[in-house]
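With chain A held as given, fit chain B with the ligand onto it using these hints.
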Amino acid sequence: MCLGIPGKVIEVNLAENWAVVETFGVRKKISITLVDEEITPGDYLMVHTGYAIGKIDLSDAETTLKLWEEILLAE
Amino acid sequence: MLNNMPDPALGQKILARLPSLAEKASRRLGRPPVLMEVCGTHTMAIAKSGMRSLLAGHLELRSGPGCPVCVTDQGDIDKMIALAGRPEVTIATFGDMLRVPGTDSSLEVERARGARVEIFYAPADAVEFAAGSPEKEIVFLGVGFETTIPAVALSLELAVAQGLRNYSVLSSHKLVPPVMKALLSDPELKIDGFILPGHVCAVTGRQAFEFISGEYHIPAVITGFEPLDLLASVCLLLNQIADGRPETVNGYTRLVREEGNKKARAIMEKYFEPADALWRGFGLVPQSGLALKKEYSLYDAAARFPLQVPASRPLIGCACGDILKGKLTSPQCPLFAKSCTPLNPVGPCMVSSEGACAAYYQYEWAAK
Ligand code: SF4
Numbered sequence: 001m002c003l004g005i006p007g008k009v010i011e012v013n014l015a016e017n018w019a020v021v022e023t024f025g026v027r028k029k030i031s032i033t034l035v036d037e038e039i040t041p042g043d044y045l046m047v048h049t050g051y052a053i054g055k056i057d058l059s060d061a062e063t064t065l066k067l068w069e070e071i072l073l074a075e
Numbered sequence: 001m002l003n004n005m006p007d008p009a010l011g012q013k014i015l016a017r018l019p020s021l022a023e024k025a026s027r028r029l030g031r032p033p034v035l036m037e038v039c040g041t042h043t044m045a046i047a048k049s050g051m052r053s054l055l056a057g058h059l060e061l062r063s064g065p066g067c068p069v070c071v072t073d074q075g076d077i078d079k080m081i082a083l084a085g086r087p088e089v090t091i092a093t094f095g096d097m098l099r100v101p102g103t104d105s106s107l108e109v110e111r112a113r114g115a116r117v118e119i120f121y122a123p124a125d126a127v128e129f130a131a132g133s134p135e136k137e138i139v140f141l142g143v144g145f146e147t148t149i150p151a152v153a154l155s156l157e158l159a160v161a162q163g164l165r166n167y168s169v170l171s172s173h174k175l176v177p178p179v180m181k182a183l184l185s186d187p188e189l190k191i192d193g194f195i196l197p198g199h200v201c202a203v204t205g206r207q208a209f210e211f212i213s214g215e216y217h218i219p220a221v222i223t224g225f226e227p228l229d230l231l232a233s234v235c236l237l238l239n240q241i242a243d244g245r246p247e248t249v250n251g252y253t254r255l256v257r258e259e260g261n262k263k264a265r266a267i268m269e270k271y272f273e274p275a276d277a278l279w280r281g282f283g284l285v286p287q288s289g290l291a292l293k294k295e296y297s298l299y300d301a302a303a304r305f306p307l308q309v310p311a312s313r314p315l316i317g318c319a320c321g322d323i324l325k326g327k328l329t330s331p332q333c334p335l336f337a338k339s340c341t342p343l344n345p346v347g348p349c350m351v352s353s354e355g356a357c358a359a360y361y362q363y364e365w366a367a368k
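Going line by line, the protein sequences match chains A and B. According to the numbering used here, the residues represented by the first sequence are 1 to 75, in order. According to the numbering used here, the residues represented by the second sequence are 1 to 368, in order.
Just chain A, with the same shape it has in the complex:
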């Protein structure tokens, strides 16, 4: 129940606050009521029990990797 599932946004309906996301080839209609950020197809959302709880910042993944590399590998 507590499982968060990332999904790629395929379709957005801002007027009705829903999006269709795809995870491992399976599409699902979810609510985006709780997300404050702008959502466009191609974005990734973290979905819990039918609701997106946040947008996954893909550009941040690279920043994180770099940060870890620096912190972890510096002597």
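Since the hints were made in silico from the structure, they are not lab data. Just so you know, these numbers come straight off a predicted model, no measurement behind them. Please note that a few of the clues may not be correct.
[Claimed, not checked] With a straight-line Cα cutoff of 20 Å, these simulated DMTMM-like cross-link-like pairs (lysine to aspartate or glutamate) come out:
| no. | chain 1 | residue 1 | chain 2 | residue 2 |
| --- | --- | --- | --- | --- |
| 1 | B | 263 | A | 57 |
| 2 | B | 270 | B | 226 |
| 3 | B | 270 | B | 295 |
| 4 | A | 8 | B | 226 |
| 5 | B | 262 | A | 38 |
| 6 | B | 13 | A | 62 |
| 7 | B | 263 | A | 16 |
Frame of chain A; chain B with the ligand shown alone:
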């Protein structure tokens, strides 16, 4: 998250670095460090990745109160089961509550005896079901942490908007920061660093956990769910332990914002208010649960269907309580893999797929 973080080379580098970091941390502590995860999904990810055996000898990984089904108090489970026995009530629940054993029965057993128990993936679906079945009283079992609570609050919003009179919530919700305080205040418990639940933090924000390093001087890292996330967090924790400079770090910035998800918290606060709650293993933890606000008592199953259940009995021989407190690990329970297996579970830690015993059994013990 998905497959945009695969960097096996970095993983290897981190792994190579780990023993020397662990040694530095051990020297400072005078013993190998003990790190705890407080999220069922981390429990599964750790078990699946085989990290525990990889890190054995360098440090110890333990599970805490991270599985919402497992931490639900026995008396609360008994109340849910009793509610299922009322003829006018249809229970609406997430699937993982079904097999959780109460003192004398379970929802699954009650359903076989004729009780109405419906399973839903999303609370909103239960509201739709209620709207389509006006002759039934639908009671949604609210079990979960900050990740799930906003969805349950939104189901109330839907029910209120539609003026439904036959949908209510039995709130057994739990909040993670207060139970972390209970853990940290336990003088017997020696945890040297926390792997914080990434999705709970997406709602609460990093700030909500700042007290771990600020007041208790223990390092903590908000962590995602890829093996690389976990490995990097372990290293960051070891670094902090070795340096004696505890911080509450956000290692999951691709999802977690400093202030969390304000909209999710606002909807929670609209319908619920903090209340004392009982946790399996911990007993009463002040202000660690949520009750429906007075003005929504029409939607509060606890108020609409007052129940007196006989005192619950603990599950004989089950060590779930100590496992949830990080005092024991699953194989230390005498029933583990003997009379208690996923096919024949004795306690909730073996029933829930996010439970420590189930994860341990499936990935670490059965693999041997
Ligand atoms: S192995 Fe079974 S009996 Fe032992 S603590 Fe885990 S769930 Fe309880």
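For this session: Against the earlier hints, flag every one the structure doesn't satisfy and list their numbers going up.
Result: 2
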